[in-house]
Every structure is written in structure tokens, then in C-alpha cells.
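K.L.:
Full structure from sequences and hints, please.
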Amino acid sequence: MITDPALAAPDELLGAGPAADPVAAAGGGDNPAPAGLWRHRHLLDVDVLTADELELVMHTTATMSEILARPIPRVPALRGWGVTNLFYEASTRTRVSFEVAAKNLSADVVNVTASASSVTKGESLIDTIRTLEALGARMLVIRHATSGAPWLAAETFGGSVINAGDGLHAHPTQALLDLYTMRTHLPGGSVAGRKVVILGDVLHSRVARSNLWSLTASGADVWVCGPVTLLRGFEAWAAAGVAGTRQFTATSDLAAALRDADVVMALRIQRERMASGLLPSLREYAARFGLTRARLATARPDALVMHPGPMNEGVEIAPDVAAGTQSVITDQVANGVAVRMAILYLLAGARGAGE
Amino acid sequence: MTIDVDARTSGGARSSVGARLADLEISRAWLVDPASGREGPGEIVVTDGVLEAVTWLEGVEAEGIDASGVIVAAGFIDLHAHLREPGNEDAETVATGLAAAAHGGFTTVCVMPNTTPALDEPSVLARIRDAAAASGLPVALLAHGAVSAGRAGEQLAALGELADAGVVGFSDDGAPVGSASLFRNALAYAGMLGLPIVDHPEDAALTEGAEANEGLIATILGLRGWPRAAEADAVARDLAILADVVGDVPGARLHLTHLSTAASLAHVRLAKAAGLPVTCDVTPHHLALTEEWLAGARRWSWEALDDDGVARDHWRDGAITAPPFDTSVRVNPPLRSAVDAAACLAALVDGTADAIATDHAPHAEVDKAVEFGLAANGISGIETALGVVLAAVDAGRLSLATAIAALTTGPARVLGDREPSTRGLFEGESANVVVFDRSATWRVTPDALASKGKNSPLLGRDLPGRVLLTVAGGRIAYEAADD
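The listed protein sequences derive, respectively, from chains A and B. If you count the first sequence from 1, position 296 lands on 277 in this note's numbering, and the numbers rise without skipping. Just add 411 to the spot in the second sequence (first one is 1) and you have this note's numbering.
Hints are computed from structural coordinates only; laboratory data are not their basis. Check each hint, because a few of them may be wrong.
Quick look at which bits of chain B chain A covers, simulated, 3 or more residues with Cβ under 8 Å [what the hints assert, rightly or not]:
id	segment
1	630 to 644
2	733 to 742
3	775 to 781
What follows is a set of in silico ranges between Cβ atoms, one per label pair, in the way DEER data are often shown [stated by the list, open to error]:
id	chain 1	residue 1	chain 2	residue 2	range
4	B	Arg854	A	Gly174	50 to 56 Å
5	A	Ser233	B	Asn788	43 to 49 Å
6	A	Arg111	B	Glu714	35 to 41 Å
7	B	Ser590	A	Asn92	46 to 52 Å
8	B	Thr856	A	Glu294	55 to 61 Å
9	A	Asp312	B	Glu619	38 to 44 Å
10	B	Ala806	A	Asp312	54 to 60 Å
11	A	Gln251	B	Ala616	48 to 54 Å
12	B	Asp659	A	Ala236	54 to 60 Å
13	B	Gly871	A	Arg111	38 to 44 Å
14	B	Glu714	A	Arg227	41 to 47 Å
15	B	Glu714	A	Asp301	53 to 59 Å
16	A	Ala217	B	Asp659	42 to 48 Å
Glycine included, each C-beta is placed from N, C-alpha and C at the ideal position.
P.N.:
Put into C-alpha cells, the structure is as follows:
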């Protein structure tokens, strides 16, 4: 359990009675999370999380959502902790989400926007991280255009590293907020047995990759769908299975993918895919793979519509679908803060326990 | 069984590197000599730098000697090494590179011309040779000259002048000869000079931004795919042009270096059957390491195949034992699948591949201690080549004779068999010999590597076949310290 005196005890977190567990206090009493489960120093990807650990993150997120519902959504859990957001890729929403999450936990937040030019100037990632650590960072949130960069950061940094998106590879907090959002909206509060469709530029999507691990671990029936040029490699991965045992489906047959789906997540299509010859045009993409109202109608009537943002409305998703009653896209944004608070909190506890 | 391999110099003192080997007698060893087609118990005697006697033992005398102990073979020839001088002496120098070669059992090294400036005219070669002479190391340094001026791929380098200065071939290695037209002209012109073009086959249009072999591992790790077809189609182009050129220029010869895929080797197999003058090499790392290593697996390629030759599942097997994205396994061409590695091994067995070449690519730490996608390509491999190849032999994937041939007679043939003493155990010739103990392992550590390039994915691993002594041109190139 949490022993670092700098870290607030769980009861203090909620301002509840002395013995209150954050999970129980949040009303998650039906399915209490196993205590003391968290054993990770970093959050680099969700592939290493067991079903129990995912459950712990979900319950902790529920607690944080409750805090967020208060008039002043701030607790002292990470008071005195330096959290540094190191972003090598422009990203307003993810950076702000982490910043708000850390501030809600009373951490001291530093934002560093490192341009790609610092790389060409010869300033290495390792140098930068050592500098930030010397300046007081205990948690490092890193986004980088190169797959694997957070692993290099984790080798160097003395504290905890949180991957906020690396290249095409992983975006673990996005996958966790997606899972949380699905669970809060799906009947029964579980994705087990639910058909989840991830639609679009799967090849270049770290969101799709991370979601594959967490959703299949949670028992969802995952389908990835898109034009073959943007699905390259995933057919073979689907055939091999995630971690050898958990199957998913990869197809370019949109109708088959959407049929009776419980969740449809559209992914952003970037213009540079046309320049590299992967797609004829955005118009053609929208016509063949865009998530329209008519296509959504082939899914289950109450199917959830999701998007990790930022959206190209009218391309991968029609504006009326994005803003429609089935859309939970703004919930995803709000839940992003809660999930990131939960991760910061759990990692701080693990660091406290480990020192 | 211990064998006294103490080499004595003429003064009778303890030997020192660079000194002429006055007197060496190795009795009761296992000799492997593909040049004469023989392998078995034997003895050698070196006197005053000359291999005076090679004696094959039989009957009672041979009892108790087998291939698991001390092995004597001709010194190895590396067709492909980057010694980085001039221009990148932080990564390697001619002196450290030759010392590394000697530690690896190599007595002849062909350096690649991608130095700064490029080895595209004779003065650069003279500078490299001066550095070799100044090193005091007896390892023979041969050189490939550049195909194109400045390796820019636009116009021919000073091919004739380089030939006169003694280069053994031409290569723009590090990059392919991208222009088919320039490649055709180079093949013809070099053919006129009696020298091969050594091509690095890669279709750059298919590998732009590529980070890892296209396949399951790259997909899972989110690394940009490096398709096998990028190598196979470049090989096919080269062979088509060779077939065209050789009709007019009978001396035209093509050597394809570091082939890594089953499909490219299949192209070469067919071309050889059709009688085209083509040779090729494979690297130790493409024989023994696979794309799995990027995910953190550390098993040999043959351990990653099931009995049906199908790649086993990395995650289910629990084969992942190291962190992912280790830049020491970033190399061009990329580590491929276990099936491709098996094809490389099979190509050595059936003669499609003529040689094992190390593609020794040392890098300074600053060029590797970066994000995977930004890291320099290459493995420092000249010192670990023998151990890796012996691991394949131990696993039954190669015979010892095939392995040694791929390090001696095979590369000598690619070089046109210019110097017989470098390829076999020939009595009366200046001694080029490596002595290693197959049953003794050594641990790969930064300190154990003579190369300045510590960029080896094998760090921390124990490799078989500790080299005891390397003799090049009758002089001591390397001798193991007494334990």
C-alpha cells in the first residue's frame, strides 16, 4: 500500500471517513478492486496490465470522476510532486488533459514543448530527461513521434514515466479512457462479449494498437476495419492473435464490421496519407469508409460512437453522427482527465511503496 | 585437455602483437581445412612466420582428438567491414578495427568505402593503408572503392585509378546504387577492370522511413515496415542487368552483400544455376538473430522455429526477456523472421551463399543512445562472428566445415583467389592461422571488445569458441591473455 508520506492516504483523497477505501467510497462496492495490486513503476503501454490491474484502474478512475463532480475538484494527493509534461509532438488536448489531471491532484506541473528541432540541434532525449529530473520532475509524461521513445526515457529517468503517445505504437491512457467510457455506457458496465469496431487508419494508429491489448484483455470482440493500405500487417496480427490467444478480426469489409456492433470508434485520417499514395482522396475515403448515419444504423440501435480526436468531420465521421445521441465523444474527453488522475495516483503510490 | 599454444617470438620472449611468429607447434588439435577438403586430428608447425608443416594424424595418434576442443583453421576473411577511418574515428579507427578483426580470428579485412571523405579516389586509400601500417597489426587490409563519386550515386568514381591502386571491388555500401543506368555502367566498367561490383540491394522507395522488418513484430511495436520485397526486387534488378551486361563484358561480376531474405536468396540460386557470374554473402546476425529481438526476445533464430519450420509465437512462448526497442538490434538490412534466417543458413549449406561477411558496423554511443527511430543502423560484429556461427554449428544448423569454408575459401573465391595463403593451410606459405577453443566460452562485454563500437546486442552473453591465437602473414595478430 501507499507508504510515501508525501502521498495522501486514500481516505484523505476523498475526504471520507478514516477507513474509507477510494473504490468503495466511489460506489464501486459491487465489484471491489483488489487492494495493493498496482506494481508498475511506469505506464508505458497497457499490454502489461492484467485483467485485475485494469479493474483497479477502472475503479480508481471512478473515484476520480467523483472528485471531478465536486464544485472544487481538487485533492492534495500529489502535493509537492513534480509532474513534467514533455511533448515532442504538438497536442493540445492530451497535454491539457494531463495538466488538469496533475493540478487536480495538487502536483506541481511543468510543461515542456520540445520541438523536433532540438533533436537536430543535437540535444538528446537522454540529456533533456536528466535535466528535467535535476529540475525536480518525479513523474514524466512524454509524447514523442518515435515509437519506443518512452522506453528510452524509462531507462534514464529516476521517477515514473507515463507514455502520452509514442509514434505509431502506444497510447495507454487513451485506451484506458476508452475502456472506462465504454464501461460507463454499456449495459452491465462491461465490454466482455461486446463487438467493438475500430475504423480508419489503423496502420498509423497508436490508439488502435493500445486498445487492442486492453479491449481483448477485457473480453471484447474487437474488429479493426479500414482500406487495406491502412490495415497493413493487422490481418497477420489478427491471425496470430494478441499475445497468442486473444483473437480479433481485421477486415476491409465495412458492412461486416459494423453489423450488430456495440461500439464504433472512428480514427482520424490525415492528409499526408494521400501524399504517400495510401489513399486516392479524402472524398473517396469518406464515401467508402466514413461513419455516416446510414452506416451507423446497421450497428446495434444503441451502439456507442467514439473518436479519440481531433476529428475531421465529414471525412471519417459525419457531423450529425459526431454530435448525435449515440456519441460519447465529449465523455471521452472528460473521462480522460479522470483516467490520468487515476494513473498519476497509482504510480505515485507504487513509487512511494517502492522506495 | 590443454594444448600449449604459447607462441614465441624470435627473441624467445613472450610473444607480442605484430611480432613475427618465430616458433609455434600445435599438436593434437582438430584441423579444419576446406581448401584441401580435409578436417580431422592434426598438428601444425610454424617456424619464422612460415607454416612449415601440416600433419594429419591417424590411428592411435588421433585417438582422443575431436572437434569439440582446440580447432586450427586458416585465418578468416571478412568481405565487409566498416572501420570508419577517415571521418568517424569516434566510432572506430583502422587500428582498433584491425585489432577487433584479429580478436575475431580474421586475418584479412575488406573495408567499405563509406568513410568521410568516401574512398572514391586513391589518396583516401593511401591514408587508410598508412593507418594500417602505423597500427603495427599484421591483419591484411583490403579495400572496396566507391562505385560513384562521393557515393552520391550520380557519376562513376575513379574506378580505373582505384583499380590501379589495388582495390578489390567497388561498392556504394550503406546505400544501393540507386540508378539502374549507373549500376549498369559500373558493372561493365568494373568488369573491364576485372573487378566485381559489391551491391547493397535495397529499393529505397520501399524503405523510406523504415525501421523494422515488415511483419508481426513491426506491426505490434508500431515500427515502420521494411518490406522484404525491397531487397528481393533490388536483387532481381541487379541480376537482370548483370545478365544483360555479361554478354558484352565477360569479365563483369556481381557480388551481393548481406542478403537477408529467403526471396533474394532464391533469386541468386536461380541466377547461379543459369551460370551468371554472381556471388553473395550473409551476415552472422541475419543467420542467428531475428526481428523478435526488437521486441526483447533473446533466443537464436533456430530456437524461434518449431519443428515444422514455422515461426513460434513470441508472446505465448514467454520469449521476451529484455526491454523492447533496443537500438543495438537496429541494422540495415533489418533483422528478419526466423524463416528468413533459416533460409540464410540453408543458402550456406547449398552453396547459394558463398561467404559469411560480418558487416561490422561500429558506432559511437551517442549514435545509439537515442530513440530507436533515430538510431544509427549497424552492429559491431567482427569479434562475435565466430561465436555466433559456432552457436549455429552447435545447434546442428551448419557443419563446422561449411562454417569455416564460409569464412575462408568462400570469401577468397569472391575475391578471385588472389592470395592462396589466405584461404587454406598451405605448407611453405606465410602463416595465416586462427586457433580457437570451441569448448571455451567468453563473455561479450564492452571491455572484452577491442572495437570502439560497443553496439552489440550480444553484450552479456557467453559465446563459444574463444580465440586463442591469430597469426596473419606470419606475424602475431592476437593472442589471448592467460587466465
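K.L.:
Does each hint fit the structure? Answer for all of them.
P.N.:
Evaluated hints:
A count of 7 residues in the segment 630 to 644 of chain B with a Cβ less than 8 Å from any Cβ of chain A is obtained; the coverage claim is therefore met, three being the minimum. Interface restraint, the segment 733 to 742 of chain B with chain A: holds (3 residues with C-beta to C-beta distance below 8 Å; minimum three). With a cut-off of 8 Å between beta carbons, the segment 775 to 781 of chain B has 3 residues touching chain A; three or more are needed, and the interface restraint holds. Between Arg854(B) and Gly174(A) the Cβ separation comes to about 51 Å, which falls inside the hinted range of 50 to 56 Å.
Between Ser233(A) and Asn788(B) the beta carbons are some 34 Å apart, a value that contradicts the proposed interval 43 to 49 Å. Hint check: Arg111(A) to Glu714(B), Cβ distance near 38 Å, so the stated range 35 to 41 Å holds. Between Ser590(B) and Asn92(A) the CB atoms are about 48 Å apart, so this pair conforms to the stated range of 46 to 52 Å. Checking the proposed 55 to 61 Å range against Thr856(B) and Glu294(A) shows it holds: the Cβ atoms sit about 57 Å from each other.
At about 39 Å, the beta-carbon gap between Asp312(A) and Glu619(B) stays in the expected band of 38 to 44 Å. The hint said 54 to 60 Å for the Cβ distance between Ala806(B) and Asp312(A), and at roughly 55 Å that hint holds. At about 21 Å, the beta-carbon gap between Gln251(A) and Ala616(B) misses the expected band of 48 to 54 Å. Taken as a hint, the range 54 to 60 Å holds for the pair Asp659(B) and Ala236(A), whose Cβ atoms sit roughly 58 Å apart.
Checking the proposed 38 to 44 Å range against Gly871(B) and Arg111(A) shows it is violated: the Cβ atoms sit about 24 Å from each other. Checked against the hint of 41 to 47 Å, the C-beta distance between Glu714(B) and Arg227(A) comes to roughly 24 Å, which is inconsistent with it. Range check, Glu714(B) to Asp301(A): about 55 Å between beta-carbon atoms, so the 53 to 59 Å window is met. In this structure, Ala217(A) and Asp659(B) meet the distance hint of 42 to 48 Å, their C-beta atoms being roughly 44 Å apart.
Hint compliance for this structure: hints 5, 11, 13 and 14 are not met, and every other hint is.
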